[in-house]
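Number of protein chains: 2
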Amino acid sequence: MRIDVVASASEIRTEDVIHRSAVVIDVFRTTSTIVTALAQGAICITPVETVPKAKQLGLEGMFLGGERFCKKIAGFDAGNSPLEYTKELVEGRKGIMTTTSGTRALIKAGKASYIFTAAFLNVKACAEVLAEVDLDIAILCAGQQDRLTMEDSLCAGMLIHYIKQSAVQPVRLNDLGLVVHQAYLGCEADLRNKLKESNEAKRLTKQGHEKDVDYCLTENAFTLVPVMEDHFLVPWKAKEKKII
Amino acid sequence: MRIDVVASASEIRTEDVIHRSAVVIDVFRTTSTIVTALAQGAICITPVETVPKAKQLGLEGMFLGGERFCKKIAGFDAGNSPLEYTKELVEGRKGIMTTTSGTRALIKAGKASYIFTAAFLNVKACAEVLAEVDLDIAILCAGQQDRLTMEDSLCAGMLIHYIKQSAVQPVRLNDLGLVVHQAYLGCEADLRNKLKESNEAKRLTKQGHEKDVDYCLTENAFTLVPVMEDHFLVPWKAKEKKII
Chain A
6 MRIDVVASAS
16 EIRTEDVIHR
26 SAVVIDVFRT
36 TSTIVTALAQ
46 GAICITPVET
56 VPKAKQLGLE
66 GMFLGGERFC
76 KKIAGFDAGN
86 SPLEYTKELV
96 EGRKGIMTTT
106 SGTRALIKAG
116 KASYIFTAAF
126 LNVKACAEVL
136 AEVDLDIAIL
146 CAGQQDRLTM
156 EDSLCAGMLI
166 HYIKQSAVQP
176 VRLNDLGLVV
186 HQAYLGCEAD
196 LRNKLKESNE
206 AKRLTKQGHE
216 KDVDYCLTEN
226 AFTLVPVMED
236 HFLVPWKAKE
246 KKII
Chain B
6 MRIDVVASAS
16 EIRTEDVIHR
26 SAVVIDVFRT
36 TSTIVTALAQ
46 GAICITPVET
56 VPKAKQLGLE
66 GMFLGGERFC
76 KKIAGFDAGN
86 SPLEYTKELV
96 EGRKGIMTTT
106 SGTRALIKAG
116 KASYIFTAAF
126 LNVKACAEVL
136 AEVDLDIAIL
146 CAGQQDRLTM
156 EDSLCAGMLI
166 HYIKQSAVQP
176 VRLNDLGLVV
186 HQAYLGCEAD
196 LRNKLKESNE
206 AKRLTKQGHE
216 KDVDYCLTEN
226 AFTLVPVMED
236 HFLVPWKAKE
246 KKII
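First to last, the protein sequences are chains A and B.
According to the working numbering, the first sequence is numbered sequentially starting from 6.
According to the working numbering, the second sequence is numbered sequentially starting from 6.
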């Protein structure tokens, strides 16, 4: 099984994802928010690239979520904090989300056979689904301003660690995959504290979002794995596995 | 002291290097070759981007070195194997080099206050010079096909490790810096074997360049640090330190 890690949304190329399972990671905070909203009972979430498109697609009864420059968008129901996506807000509703890097990565992954999302909150479950699907994998870190972030890297490293435990075939990694896997192993024992040194964790903490940081660094709180089905992110169900 | 690591030559921006010490790393094999050639007695090396420019600048008595697609260029004295740069070939001579990523990174670093080159062969000496110069630092990994390589990443991680030991001020890292430092610490005890898993080490070995791989992974064989002075790479001498 081949696994390639891509550093940021801007670097994603069609050849990275075609005939593969793609996994988008944006720990702070898009993919942490998506898994939370679905776990709280949202029916589905549609990721879109622009604010006008989100407003255009939003119908009566849907919730709108997302951010620009880390701030909630005027007229939206929630920003990019997973803690805003409560059962009260999302249960039984469909939603639309737009964020700077995370939704861009999801859209650029469009040609993959499957598109999943991972965060620390569901990383182990995601590895199990990827091993079950048994295709080559593209791990797509969303990044920030076209560059790799520490939190996405170490989540990718942890995902590789779990895939190696679940996969039947031997795993071959690209160089970034080898590096993030080593980095994960290098700080596995003190992961949460190391991640608090990341530039985004520091920035979010400074802006008063410390609870978000703590929440997003929680490992394996959910067994739910979001998967894209016809432009909607829904919870993966093994029995729904497509025939490729 | 601020240290930012950049993943590949194509990602280098002027704002990464301005008012800083820049360090270019291309372990396989440009910066390993440059330090070797200077250590074997070459007077200076001029890095140029194109083969025609190398031929145009080459004067009687100079040696020409470099590669395209990992092969020696027709009419050149040597390719990109450091072991070709023997005392017999280079001592007392000026040289010109052109390689795919390494020389491109050197040229893109042009606006930095200082431009050094590092490889495992001289990484500790390079850290000491950087601490002595005491400017913020841009570590520029040359990469391959616009993406990070494992060998450049771990050399950058080792460089950071040594700088932290030598620097008077506390060191602040960007996220890629944090990741490569952790990756280095994660495999410090078994570095050579881990690096043999890198895609470029495997490719070079397959092509019969195993000796090059072994040589380039040798740590701290030299105390020489190449520095760019008016388009020429020469050995750094502390007394030549410029006043900025």
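Some hints here could point you the wrong way.
Identical copies go unnamed one by one, so any copy, or any two together, can satisfy a pair.
Below, computed lysine-lysine pairings styled on DSSO-like, alpha-carbon distance capped at 30 Å [what the hints assert, rightly or not]:
{"hint": "1", "residue 1": "Lys211", "residue 2": "Lys199"}
{"hint": "2", "residue 1": "Lys242", "residue 2": "Lys99"}
{"hint": "3", "residue 1": "Lys169", "residue 2": "Lys76"}
{"hint": "4", "residue 1": "Lys76", "residue 2": "Lys99"}
{"hint": "5", "residue 1": "Lys211", "residue 2": "Lys99"}
{"hint": "6", "residue 1": "Lys199", "residue 2": "Lys58"}
{"hint": "7", "residue 1": "Lys211", "residue 2": "Lys169"}
{"hint": "8", "residue 1": "Lys116", "residue 2": "Lys216"}
{"hint": "9", "residue 1": "Lys60", "residue 2": "Lys129"}
Bear in mind the hints are in silico, worked out from the structure with no lab data behind them.
For each hint, the structure was consulted:
1. Lys211 <-> Lys199: Cα proximity of Lys211 and Lys199: one copy only (17 Å, versus 38 Å across).
2. Lys242 <-> Lys99: within (18 Å within a copy, 66 Å between copies)
3. Lys169 <-> Lys76: Neither way: Lys169 and Lys76 sit 37 Å apart in one copy and 36 Å across, limit 30 Å.
4. Lys76 <-> Lys99: within (22 Å within a copy, 57 Å between copies)
5. Lys211 <-> Lys99: neither (32 Å within a copy, 53 Å between copies)
6. Lys199 <-> Lys58: neither (37 Å within a copy, 47 Å between copies)
7. Lys211 <-> Lys169: between (36 Å within a copy, 26 Å between copies)
8. Lys116 <-> Lys216: neither (35 Å within a copy, 41 Å between copies)
9. Lys60 <-> Lys129: neither (34 Å within a copy, 56 Å between copies)
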